[in-house]
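Colleague: Full structure from sequences and hints, please.
These protein sequence lines map, in sequence, to chains P and R.
Here the first sequence is numbered in the working numbering, starting from 1 and rising by one per residue.
Here the second sequence is numbered in the working numbering, starting from 52 and rising by one per residue.
It cannot be assumed that every hint is accurate.
[As the list claims (entries may be wrong)] Here are the simulated lysine to aspartate or glutamate pairs, DMTMM-like style, with alpha carbons at most 20 Å apart:
1. P:K40 x R:D81
2. R:K97 x R:D53
3. R:K97 x R:E57
4. R:K90 x P:D32
5. P:K40 x R:D96
By construction, these hints were calculated from the structure, which means they are not laboratory data.
What you are looking at is a predicted structure, and each value in this text was computed from that prediction instead of being measured.
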Amino acid sequence: MAQKTGKPSADQRIDESLKRVYDAQLQEQVPDKFLELIAKLKSTEGSQDHG
Amino acid sequence: MDDPREEIVTHLRALRAFALSLTRNAASADDLVQDTIVKAWSNIDKFQAGTNMRAWLFTILRNTYYSLRRKRVREVQDVDDGYAGQLAEKPAHDGRLALSDFAAAFEHLPDEQREALILVGASGFSYEEAAALCGCAVGTVKSRANRGRRRLAELLDLDDGETPEMTDTATLGVVTERAAA
Chain P
1 MAQKTGKPSA DQRIDESLKR VYDAQLQEQV PDKFLELIAK LKSTEGSQDH
51 G
Chain R
52 MDDPREEIVT HLRALRAFAL SLTRNAASAD DLVQDTIVKA WSNIDKFQAG
102 TNMRAWLFTI LRNTYYSLRR KRVREVQDVD DGYAGQLAEK PAHDGRLALS
152 DFAAAFEHLP DEQREALILV GASGFSYEEA AALCGCAVGT VKSRANRGRR
202 RLAELLDLDD GETPEMTDTA TLGVVTERAA A
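Modeller: Written as structure tokens, this is what we have:
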């Protein structure tokens with residue numbers, strides 16, 4: 001008794017919206033503090049090798 | 052020889068998007084990403100070269116999130132406007148859902164369901180990859196994603212197969228009448 005329709009299902013619309021929300025997030029610039037943190041980690045690594 | 056850590060920077064946007072979907076709060080999401088960066092950096096020896104670094108980073112991020120969630124007894128679950136607010140968008144007339152409505156409904160889902168939906172519905176991981184990432188069975192991820200979709204359909208008042216614009220002509224007639232009234 002499965003009913004199939006050719007119309008976009010709720011699931012398809014939900015997934016499409018999910019992608020749009022997620023893609024919108026992906027367009028955002030990352031905060032500078034992330035890059036600063038990586039730079040800091042790099043410089044710490046340079047000065048003291050972990051073992 | 053390339054240091055795999057150089058690759059981390061290319062995943063920051065994805066990490067932040069995933070963190071936002073989990074925390075629903077921009078400040079917490081940023082903290083979570085920073086914790087993830089530090090952990091990934093210091094545990095890079097555990098990363099297997101040639102495997103999917105994004106999946107590895109997502110795993111660290113989600114594990115960090117859930118261990119914090121276990122530790123912290125949150126008094127209130129603050130939902131700031133950093134998520135839905137930024138995404139405010141005109142309601143679409145092409146059958147698409149208004150993103151702001153969608154984002155608001157999405158925030159109501161339990162963590163595990165949001166996570167499953169973001170992983171398989173938005174970020175393109177397979178169910179198998181998502182299951183590995185979450186440390187659970189494939190069936191569990193599928194069931195979380197399905198429950199999440201059902202709940203969203205309820206919250207957004209979406210009956211399966213029914214779209215505002217292209218249902219049958221009778222419905223269309225009602226819609227047209229209402230619009231004209």
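Colleague: Run the distance test for K40 (chain P) versus D81 (chain R): straight-line Cα separation, threshold 20 Å.
Modeller: Status holds; Cα separation ~17 Å.
Colleague: Would you mind confirming whether the straight-line C-alpha gap from K97 (chain R) to D53 (chain R) stays at or under 20 Å?
Modeller: 16 Å, holds
Colleague: Do the alpha carbons of K90 (chain R) and D32 (chain P) lie within 20 Å of each other, as the hint requires?
Modeller: 19 Å, holds
Colleague: Need the status of pair K40 (chain P), D96 (chain R): alpha-carbon distance at most 20 Å?
Modeller: 19 Å, holds
Colleague: Mind checking the alpha carbons of K97 (chain R) and E57 (chain R) for me, to see if they're no more than 20 Å apart?
Modeller: The given pair, whose Cα atoms are some 15 Å apart, holds under the 20 Å limit.
In summary, this structure violates none of the numbered hints.
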